[in-house]
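Given chain F, put chain X in place with the hints provided.
Number of protein chains: 2
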Amino acid sequence: MWTLTDQYAIAGIGYTDFSKNSGRTVRRLASEACLAAVRDAGLDIAQVDGFCSFNMSDSVQGIAVATELGIPNLKWSVDLYAGGNAANLIVSNAAAAIHAGMATHVLCFRAMNGRSGYRFGGGGNAARAAGITQYTAPFGLMTYPQAMAMWCRRHMIDYGTTSEQLGTLAVTFRDNALRNPRAMMKTPLTLEDYFASRMIVDPFRMYDICLESDGACAVLVTSADRARDLRAKPVYISSAVYGGGPNQGEDLFDLLRWPSHSHNCYKYLAADLWGAAGIGPADLDFAQIYDCFTYSVLMALEGLGFCREGEGGDWIQGGRIGRDGELPLNTAGGLLSEAYIHGFNHVIEAVQQLRGEAGERQVPGAQIGLTTAGAMTCGSALILRN
Amino acid sequence: MWTLTDQYAIAGIGYTDFSKNSGRTVRRLASEACLAAVRDAGLDIAQVDGFCSFNMSDSVQGIAVATELGIPNLKWSVDLYAGGNAANLIVSNAAAAIHAGMATHVLCFRAMNGRSGYRFGGGGNAARAAGITQYTAPFGLMTYPQAMAMWCRRHMIDYGTTSEQLGTLAVTFRDNALRNPRAMMKTPLTLEDYFASRMIVDPFRMYDICLESDGACAVLVTSADRARDLRAKPVYISSAVYGGGPNQGEDLFDLLRWPSHSHNCYKYLAADLWGAAGIGPADLDFAQIYDCFTYSVLMALEGLGFCREGEGGDWIQGGRIGRDGELPLNTAGGLLSEAYIHGFNHVIEAVQQLRGEAGERQVPGAQIGLTTAGAMTCGSALILRN
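Keeping their order, the protein sequence lines are chains F and X.
Just so it is clear: in the first sequence, position 350 is 349 by numbering that gives the first Met the number 0, and no numbers are missing.
Just so it is clear: in the second sequence, position 149 is 148 by numbering that gives the first Met the number 0, and no numbers are missing.
Don't read these hints as lab results, they were simulated from the structure.
Watch out, some of these pointers could steer you wrong.
One copy or two, it doesn't matter: identical chains are merged, so the pair holds either way.
[As the list claims (entries may be wrong)] Below 25 Å or equal to it, Euclidean Cα-Cα: the simulated SDA-like pairs (lysine to any residue) are:
1. Lys232 with Glu359
2. Lys266 with Phe194
3. Lys266 with Gly69
4. Lys232 with Ala35
5. Lys266 with Trp314
Chain F extracted, bound-state conformation:
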């Protein structure tokens, strides 16, 4: 269980525009977001001595950004080969590295041309699949939406989860995006629009599936003591978890070895997550839940104990997750309506909420919030507070 509760903080944030075509290299995007985070913290670039990023061989290494920015003496740099489940892990790894003395000010970033460059949605990678996907791909079973759709359908059969409940998530997050200047999606969405949209992989319609985006996000992590002397209001890392259970697999359809499709990784992470922060679900002011698909939000809510297994669909109804509800969810629009910066944009939004800088979408008096990343057999989560 996380032992560094509130000893480390996010002291700066930076991001580029989010678009379908950035018109520039991933290296440039990463450097822009990192430089913005350093300036937001009020630091000099020469004070940065560490980097932590994650990518799927579609981005740049920290050492490249360090060179672009002119970092004089790099002391720690870690580029994880990992999917969206690492979006919170890079923050906790940075804190752990600082605590071990390996660095002082660490830039965490995710930069991608996820629409104009390498696109995640397709099945092209199945050609190099190492696990069970090599046997499913020849039959056309090879993409994330397909995998998650089967999981979702299981939930519908077992627990009565409905398309209207999925649509409620899409509509709620879009409503939030309308109040977010950097969100890609600016058109209002109704449940009628949702039902009228194209079926992509039954039961997933177009609005159940996250965006493809170009862009970059970065945060500056340092010790709580140092953060308190910097320009921005510190946001403390109260808890951090990663992983989750047995049979992670390496390849998409390795999830067929997962023990049960009535839960995902979050069930295994909940006790440590809440334990380190000394709080429970009811104490949160908001949550930014990894919404690669609408359905993945339900699994996280159930696994983390907001409701019981199978009850997620009911739980999110009746205004509970809206801006004025009991638990405002994905207040910037999420991966479905803000942008898909592989989940790392959820961290940016959480920091803005906790600083009280979220403008029209501000949750009044927000003091403590949750971010999650990853939706299947392996995930990560942070509890952040101001």
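Chain X alone, transformed into the frame defined by chain F:
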């Protein structure tokens, strides 16, 4: 500077055979080495909850090995996209993660089919070069031996370093390999053989350049307290450094932006390395120096302060680096004559020496040793003690 001095330890080691053709998958190699390390520590596989590895998209992720081995609850897993300079970094990252509460027993591994599978020696990757290499590759300048050869030639011109000195390193390490049952190279080598060998990239002859190998190595990292209760003699992590200076670049020939070719990354790492352990170069009983090329050993020795800049060639002569010398170097044969498991085999050998389990090649009474990894603008190093 490393703050966890002697608080974490290597409690188990494992490795496969080293060969030119393993005849099995990288996943299998990784699992074999990891399982051996767990057994060496006397742990049950269910007690392992973390992984840390590095690769160049040529290996498997920790989550795959976790699945193969049946780890019931994975809590931390980090796969670095990195070159050999990460071979020590994965050990220090594991310790930092344990200290932060993210895991308890972490398996660090490097597994590769470096000869029968993905081969590092060629210029094929230049096709996707992002940095300066995209401009040099069309003219045939695209491989590591070429880059390091220019650096070495500069050293020869500036300081009078000779081919005989390079050859002395190759011959010394080969002599060590003859006493190492797992070494790939079993033929005695003389300076005459060295000079008679094929010139690959002037001034590098065949024996100046490391092997291409299939194989895997793993170590089990845990807290010093827990390690003391386990089967094997603990080897403590006294110091750990990574990085080194400005202009790291991301791409091979980005090193043309490096400020000077009279030193590499180690000059920037030395003060922290010795400082955290509270010792100096003269206190070591042995060193395992990253020898992707003979020449890289000289730069590390100079940078870390064993001798002054430019004096490495003289310093290694006169028997100083032999088994009975002042500083036995690369006692298992190194990357030049044992195997090239991307530098991680140096850590295995350091642990065996510090446990007194190095057989014929044992340095009598070895209590403290150094490992380095990486040879150019970015490196890592550990000081280990028993």
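Tested hints:
no.	hint	result
1	Lys232 with Glu359	within (19 Å within a copy, 60 Å between copies)
2	Lys266 with Phe194	neither (31 Å within a copy, 63 Å between copies)
3	Lys266 with Gly69	between (43 Å within a copy, 18 Å between copies)
4	Lys232 with Ala35	within (16 Å within a copy, 48 Å between copies)
5	Lys266 with Trp314	within (17 Å within a copy, 58 Å between copies)
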